[in-house]
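Novice: Sequence lines, in order, name chains A and B. Counted the way full-length UniProt numbering counts, the first sequence spans residues 1 to 361. Counted the way full-length UniProt numbering counts, the second sequence spans residues 1 to 361.
Some hints could be false.
Here are the in silico distance ranges between beta carbons for each label pair [what the hints assert, rightly or not]:
| id | chain 1 | residue 1 | chain 2 | residue 2 | range |
| --- | --- | --- | --- | --- | --- |
| 1 | B | GLU354 | A | ARG118 | 21 to 27 Å |
| 2 | B | GLU145 | A | ASP216 | 49 to 55 Å |
| 3 | A | GLU196 | B | GLY44 | 35 to 41 Å |
| 4 | A | ALA50 | B | ALA236 | 55 to 61 Å |
| 5 | B | SER353 | A | HIS141 | 29 to 35 Å |
| 6 | A | GLU268 | B | ARG355 | 50 to 56 Å |
| 7 | A | SER119 | B | ALA255 | 51 to 57 Å |
| 8 | B | PRO54 | A | PRO346 | 44 to 50 Å |
| 9 | B | PRO346 | A | SER119 | 19 to 25 Å |
Chain B residues, not near chain A, derived (Cβ > 12 Å throughout) [unchecked claim]:
| id | residue |
| --- | --- |
| 10 | ASP33 |
| 11 | GLU49 |
| 12 | ASP77 |
| 13 | GLY78 |
| 14 | VAL135 |
| 15 | PRO140 |
| 16 | THR142 |
| 17 | GLU145 |
| 18 | LEU151 |
| 19 | GLU152 |
| 20 | ALA172 |
| 21 | ALA226 |
| 22 | PRO342 |
| 23 | ALA345 |
Hints listed in this document are in silico derivations from the structure and should not be mistaken for laboratory results. Here a beta-carbon is modelled for each residue, glycine too, at the ideal position from N, C-alpha and C.
Number of protein chains: 2
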Amino acid sequence: MRTAVVIGTGLVGTSAALALSGRGVQVHLVDRDPSSAGTAAALGAGTEEAPEGPVDLAVVAVPPAHTASVLAGAMRDGVARGYLDVASVKGGPRRELEALGIDLTAYIGTHPMAGKERSGPLAATADLFEGRPWVLTPTPHTDTEVLNLALELVALCRAVPVVMDADAHDRAVALVSHTPQLVSSMVAARLEEADETAVRLCGQGIRDVTRIAASDPRMWVEILSANPGPVADVLARIAADLDETVRALRGLESADADERRTGADGIEDVLRRGNAGRVRVPGKHGAAPAAYEVVAVLISDRPGELAGIFADAGRAGVNIEDVRIEHATGQQAGLVQLMVEPSGAPVLSAALSERGWPVRP
Amino acid sequence: MRTAVVIGTGLVGTSAALALSGRGVQVHLVDRDPSSAGTAAALGAGTEEAPEGPVDLAVVAVPPAHTASVLAGAMRDGVARGYLDVASVKGGPRRELEALGIDLTAYIGTHPMAGKERSGPLAATADLFEGRPWVLTPTPHTDTEVLNLALELVALCRAVPVVMDADAHDRAVALVSHTPQLVSSMVAARLEEADETAVRLCGQGIRDVTRIAASDPRMWVEILSANPGPVADVLARIAADLDETVRALRGLESADADERRTGADGIEDVLRRGNAGRVRVPGKHGAAPAAYEVVAVLISDRPGELAGIFADAGRAGVNIEDVRIEHATGQQAGLVQLMVEPSGAPVLSAALSERGWPVRP
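Excised from the complex, chain A in its bound form (with noise of 0.2 Å):
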């Protein structure tokens, strides 16, 4: 691929020209609004400048509703060789190009699965991709060429191909980033009407289960808008097995041994198909979060504690593969859990007990 023109100068279309100029791809920026296109630009994205004929790959990074009508333009135009768009639901814009009677075998639906709490040009950088999973959804149809072109880009931008089926990707999308997305709200909005004092008892799960629910409502409304029936029926499912669970924890109030026990069965169920699911989501490096093992010091709020307990693990040579900090309510000290590789842990444990810090069991 030797040029390329990016349509939408956001977050996501900046970050990847930003990537493809850094390893000599020509690149064209064009957007909406000029002066998005010009911030891109003066980042070192690429050109404002229109391209002299087709180039090699378009990259269309616009809002999801947008997405089709912008490919259309854009492949009725001839604007390149091949066609991509990197819009976070895949079922939809390509249902949208068959509709306008579009020849699709130039297009790949594509999603790239990085992002930040930032948007527009500003946020953007070469590194934003770095492996990330990029998805792509060829079909029987697509060019061997423009998968090709498709692969080269997510291989500049340093992401990782996962090939699915569009429809397939809208129905994993839905189950691991939009439904707990809503679910974390949901959880979140009960605390709306809650009383100070039972406030004050949240801990470190309920802080997790909630984090994201800070998340910005009118991007989620336009994602959701994108992927509404997978993230229904998934919900749906839930909804299920919260009755479920409302009727087994009625039975625990029951007077009746049977009912009680029937309702101890099925609160175990859930935690244990729970416990199930769990060990499937993906730790960094892809490892499950269960391969490292926690090695935990207390600390004072002092500045260069950490600093002291990173340096000593340092000569110790073993590596903090994660860091979390647990900070006692309303009290500066607190305890550092450093999570490492099972063979590290001893090793750690020991150096660090050596150096006088206070290694809990």
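We have chain A already, so just place chain B on it with the hints.
Specialist: Positioned in the frame of chain A, the structure of chain B alone reads:
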């Protein structure tokens, strides 16, 4: 308080005994399993010898199902001036004691909001309760002397006393602890049958939402069995939101523009209520999560990288309040997010940039 008896030398009982012994209180240890009391005594939590006369305070730290009967036995034997339990629910034990016709002026129900993954005396530490909320549920009939003994215990354990009505406590933990556990399990349970390709698309959002789905089912069946009514009430309200949300999503699939508009409004409503609830969740030090700013730095995964960052942060005099490390799938490099007080963010950014760290805007 000069003397105490701790009945039940598991994690909580032994930790309280260690804190009391460490601050000069004479502690007598009792457990149905003598080897457990022996272990606690060997750790320095107190003596296995019986007290010569009534002690100042009896701390009953047995499983919820046995709390009332053990309390009743101790009160009939007159082992102490004041009695408290530490069970994770408070309404049930009180009603059981009332049903037994026991004078409750010398009793106060309490609940220390502290725990860990491991149980038993060997997991105990004198600092388990440091800075954690410790709920006290006095009634108008509770002797002031007994309330003061409980407050003294909480102070000696360096916890933060929170006075609540017993039933309000049970509703609060249903909301902030028991419900998030079940909902996390239900989201994780959806992954049990998911395609491997779908699971590969998991990101940090679902990872956080399902973290506590890894919890021990048996322990949670016991906890939930003691508080089924309040948990069912919260879950029923979430179920109502869930049904509304499924309806809103179905509306978004409609051909009718009005129905789509109503659907989008319904989705936006639940997301906004989630925002409003989430800001009420206290962060560490009791601060709302929004109170921190994030300074993000790209690192490789070599030992010593984190040490260097923390050392340079320490030199800049900026205290790091929390850390999150985001690793890309299948990659060694990652993004370190350093949470700092807002005033410290520009100082830290400048200091790290100056020392050559790739700080992300």
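Novice: Run every hint past the structure and note whether it holds.
Specialist: A quick look at each hint next to the structure:
About 24 Å separates the C-beta atoms of B:GLU354 and A:ARG118, a value consistent with the hinted range of 21 to 27 Å. For B:GLU145 and A:ASP216, the hinted distance range of 49 to 55 Å is satisfied, since their beta carbons lie about 54 Å from each other. One distance hint, 35 to 41 Å for the beta-carbon pair A:GLU196 and B:GLY44, holds here, with the actual separation near 38 Å. The supplied range of 55 to 61 Å is met by A:ALA50 and B:ALA236, whose beta-carbon atoms lie about 59 Å from each other.
A hinted range of 29 to 35 Å for the beta carbons of B:SER353 and A:HIS141 is inconsistent with their spacing of about 49 Å. At about 53 Å, the CB distance of A:GLU268 to B:ARG355 agrees with the hint of 50 to 56 Å. Restraint check, A:SER119 to B:ALA255: a C-beta distance of roughly 30 Å breaks the suggested window 51 to 57 Å. A hinted range of 44 to 50 Å holds for the C-beta pair B:PRO54 and A:PRO346, which are about 47 Å apart.
The hinted range of 19 to 25 Å is satisfied by B:PRO346 and A:SER119, whose Cβ atoms lie roughly 22 Å apart. With a minimum CB-CB distance of about 21 Å to chain A, B:ASP33 clears the 12 Å threshold, and the non-interface call stands. Against the 12 Å criterion, B:GLU49 stays outside the reach of chain A, whose nearest CB is about 27 Å from its own CB. The beta carbon of B:ASP77 sits about 30 Å from the closest Cβ of chain A, which is more than 12 Å, so the claim that it is off the interface holds.
The Cβ of B:GLY78 lies farther than 12 Å from every Cβ of chain A, with a closest approach of about 33 Å, so its non-interface assignment holds. B:VAL135, annotated as away from the interface, has a beta carbon of chain A within 12 Å; the closest lies near 7 Å. Against the 12 Å criterion, B:PRO140 stays outside the reach of chain A, whose nearest CB is about 18 Å from its own CB. The non-interface label for B:THR142 is consistent with chain A: the shortest C-beta to C-beta separation is roughly 18 Å, beyond 12 Å.
The Cβ of B:GLU145 lies farther than 12 Å from every Cβ of chain A, with a closest approach of about 24 Å, so its non-interface assignment holds. Consistency note on B:LEU151: stated as away from chain A, and its beta-carbon is indeed over 12 Å from all of that chain's, at 16 Å minimum. The Cβ of B:GLU152 lies farther than 12 Å from every Cβ of chain A, with a closest approach of about 19 Å, so its non-interface assignment holds. Against the 12 Å criterion, B:ALA172 falls within the reach of chain A, whose nearest CB is about 4 Å from its own CB.
At the 12 Å boundary, the C-beta of B:ALA226 falls inside the reach of chain A, the nearest C-beta of that chain being 9 Å off. For B:PRO342, the condition that its CB be more than 12 Å from all CB atoms of chain A holds, with the nearest at approximately 16 Å. With a least CB separation of 14 Å from chain A, B:ALA345 remains clear of the 12 Å interface cut-off, as annotated.
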